[in-house]
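Peer 1: For the record, the sequence lines run as chains A and B. Numbered by UniProt numbering, the letters in the first sequence go through residues 1 to 396 in order. Numbered by UniProt numbering, the letters in the second sequence go through residues 1 to 396 in order.
Just so you know, the hints here were simulated from the structure itself, not pulled from any lab data. As the structure is a computational prediction, the values presented were derived from the model and not from experiment. Treat each hint with caution, since some may be false.
Label-pair distances were calculated between CB atoms; the ranges are [claimed, not checked]:
1) Arg262/A to Gly285/B: 49 to 59 Å
2) Glu139/B to Pro163/A: 48 to 58 Å
3) Thr100/A to Arg326/B: 31 to 41 Å
4) Arg326/B to Asp39/A: 32 to 42 Å
5) Pro251/B to Ala259/A: 29 to 39 Å
6) Gly105/A to Pro251/B: 51 to 61 Å
7) Arg357/A to Gly271/B: 36 to 46 Å
8) Ser272/B to Gly223/A: 57 to 67 Å
Straight-line Cα separation of at most 20 Å, SDA-like style, residue types lysine to any residue; simulated pairs [unchecked claim]:
9) Lys252/B to Ala328/A
10) Lys252/A to Glu240/A
11) Lys252/B to Phe241/A
12) Lys252/B to Gly327/A
13) Lys277/B to Leu166/B
All C-beta atoms, glycine included, are put in the ideal place defined by N, C-alpha and C.
Number of protein chains: 2
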Amino acid sequence: MPTMRLGIIGLGGAAKQMVPSFLSHPYVAITAAADPRDDARSAFAAEFGARTHATAEALCADREVDVVYIATPHQMHRDHAALAARAGKHIIIEKPMALTLEECGDIIAVAEANGVHLLVGHTHAFDAPILKMRALIREGVIGPVSMINSWNYGNFLYRPRRPEELRTDAGGGIIYNQVPHQVDVARLLGGGMVRSVRSMAWTLDPTRPTEGAHVTFLQFENGSAASLVYSGYDYFDTDEFHYWIGELGEPKRPDCHAASRRALEAMTGTGSEVAAKAGGGFGGGRRLTVPPQNEWNHPHFGVTVVSGPDGDLRQSARGVTHYGRRGAVEHPLDPPRVFPDKSGVIDEMYDAFAGLRPILHDGAWGRATMEVSEAILRSAREGREVGMSHQVPVRD
Amino acid sequence: MPTMRLGIIGLGGAAKQMVPSFLSHPYVAITAAADPRDDARSAFAAEFGARTHATAEALCADREVDVVYIATPHQMHRDHAALAARAGKHIIIEKPMALTLEECGDIIAVAEANGVHLLVGHTHAFDAPILKMRALIREGVIGPVSMINSWNYGNFLYRPRRPEELRTDAGGGIIYNQVPHQVDVARLLGGGMVRSVRSMAWTLDPTRPTEGAHVTFLQFENGSAASLVYSGYDYFDTDEFHYWIGELGEPKRPDCHAASRRALEAMTGTGSEVAAKAGGGFGGGRRLTVPPQNEWNHPHFGVTVVSGPDGDLRQSARGVTHYGRRGAVEHPLDPPRVFPDKSGVIDEMYDAFAGLRPILHDGAWGRATMEVSEAILRSAREGREVGMSHQVPVRD
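Chain A with its partners taken away, still in its complex shape (with noise of 0.2 Å):
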């Protein structure tokens, strides 16, 4: 098979939390990266002896890149997939896809005058299980699809940020960067074409002036539908459903409510949190933590069912459960095979760029998700149901 070299743009916390799985797989080397933070490019320079570059354009001319993995902030999306586009690399970009509708157009088109392939992601529906409830769907294990429920409780609005990421029109807060997990996984599962969103939304902390909290009806236009529930506001935690497992897979306690709240609080120093949030970036204080190889569950946000005529499915610790007419049957997956594991996006750029498969999650699927998540807001600010002209079946 051959080698699929790849090059990162922004080594901050999506990068570092995605690079263990791009070292996952066997037939990808990771050749070389860009930050303008000399201390970023240091850090990553010394752990995997990739070239550095200070700028995407220079990273886009490293003729060692086939694929171009962008992590920069959202705003930067657009340039920096036109950049590798026009240089030829294939390009995996970070969810949100990019601020508007018409960047997603933009990034779109110019991937496909460059004859590029294009991936958007990670998002949660390239967790196993939920790629494995899909393919259980397929099979016809519970039938047509009716519903789809999802609710996710967690601490989300409580991680150190940027001041940016607190801003809406800037792209922060949920709608943006949590909302488009749900809207991924709902579609797949849900064969991928919205007909109509209703919405409400809430920002309720002054401090954290965002959309912290939504509750989303979706219709499909083949008569499923889907409630999308989520919140950021760190009280209730919807791991306590799912096996008090974190969204990672790794294992969590059960007495950690409100505990992102405090530790914010006992930031006090100015830039106390921006610093805090560089910390998750490469040449950052923090370290990933990773359990022990045995304690690897599959990622998971909140807990989804989906349910049809023959049964309902529910991502469970280590795989699927099918509650059907005889009672509950696990359908168990292969462990992870590393932490946390994301390699559901690898995969599927390796795939298309050995010619074994298309991009299930490509441009067009990734413009669908930003239509919902754009479209979750505009129905909670309008109070009415808004409908879809953007939106693409499921490619499998």
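Chain A is already provided as a structure; the job is to place chain B on it using the hints.
Peer 2: Just chain B now, kept in the frame of chain A:
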């Protein structure tokens, strides 16, 4: 305190579940009951020494009855309420209040014209933890309510039924029998005034041809919103998310998924399902299983979480959990005084009877809940948002 003398019309399963709560009230006496079935009447007379009547008319003419509890099939509610009101009896009417909003209006009018109290229930909005959640909201513990989310997956559609209970146009299925619980709870927690309803509902089993699942978005006038999810298809069971406690408060085994489907399949003789249904009433062979008193928990209806800027509230096994800025805080309640505990109904009627406080779940309240329940069906059938016009606020 005055004694309140109670007469029951309809000695089926609803009455059998309600009577222990009536008897648990120190100032309530059950003095009479009516049912057309001889065996039900004699069983009741033998157990309670109460006078029995073959007709609702005769019971309403009974001078030793102050309050009539109407637990007859839904389609009889209006006529029985009219009989009771014209005889000057106060009325407790089981949910659903009636089959149409017009019938609800007739019941309200006849009660008003005759100056009698009218209470619609039981619903799970009378559960002590739900009333406690409402009280905590009124105290400002979580601030203004933002979202209310409720999931209930259980076995409803596979409990033994009479044929009309499986016909939506005869008041069967979840819309008339389960959804009112969810709507009543959501309206109580959200203040009562629903502005609009968007829903999808499903009839997934042709042998049980009535709605068995729905997902619904409620927008309230005050800016709060709710999502309600229900499945009665006996697959996934949300009692897993409520400490494996069943709807009535009983400890529940975690391995009974689809058990009601299998029990129903085993009923092969003609009329055996109808006989099984009748077995749940007075004179029937099935006894209500009462767990040891130290295992009594409060009843619940799936899992309900209500949110505000200052926290989330969730019904716990024996009270309410407040997830706030300092973590999870338990608000314990006194244990149930009876099993199953539906005593909120009789307490509310007694307090009105004794002039202590007005009825919370009155006729206008019940009609508003019916309006939302009907709108769920209409929105699902028409694929659009439906506005409300009969809503009333919580009177507390």
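Peer 1: Are the hints correct? Go through all of them and say.
Peer 2: Structure-based check of each hint:
no.: 1; hint: Arg262/A to Gly285/B: 49 to 59 Å; result: 57 Å, holds
no.: 2; hint: Glu139/B to Pro163/A: 48 to 58 Å; result: 35 Å, violated
no.: 3; hint: Thr100/A to Arg326/B: 31 to 41 Å; result: 40 Å, holds
no.: 4; hint: Arg326/B to Asp39/A: 32 to 42 Å; result: 36 Å, holds
no.: 5; hint: Pro251/B to Ala259/A: 29 to 39 Å; result: 31 Å, holds
no.: 6; hint: Gly105/A to Pro251/B: 51 to 61 Å; result: 56 Å, holds
no.: 7; hint: Arg357/A to Gly271/B: 36 to 46 Å; result: 56 Å, violated
no.: 8; hint: Ser272/B to Gly223/A: 57 to 67 Å; result: 34 Å, violated
no.: 9; hint: Lys252/B to Ala328/A; result: 16 Å, holds
no.: 10; hint: Lys252/A to Glu240/A; result: 9 Å, holds
no.: 11; hint: Lys252/B to Phe241/A; result: 17 Å, holds
no.: 12; hint: Lys252/B to Gly327/A; result: 15 Å, holds
no.: 13; hint: Lys277/B to Leu166/B; result: 13 Å, holds
Hint compliance for this structure: hints 2, 7, 8 are broken, all remaining hints hold.
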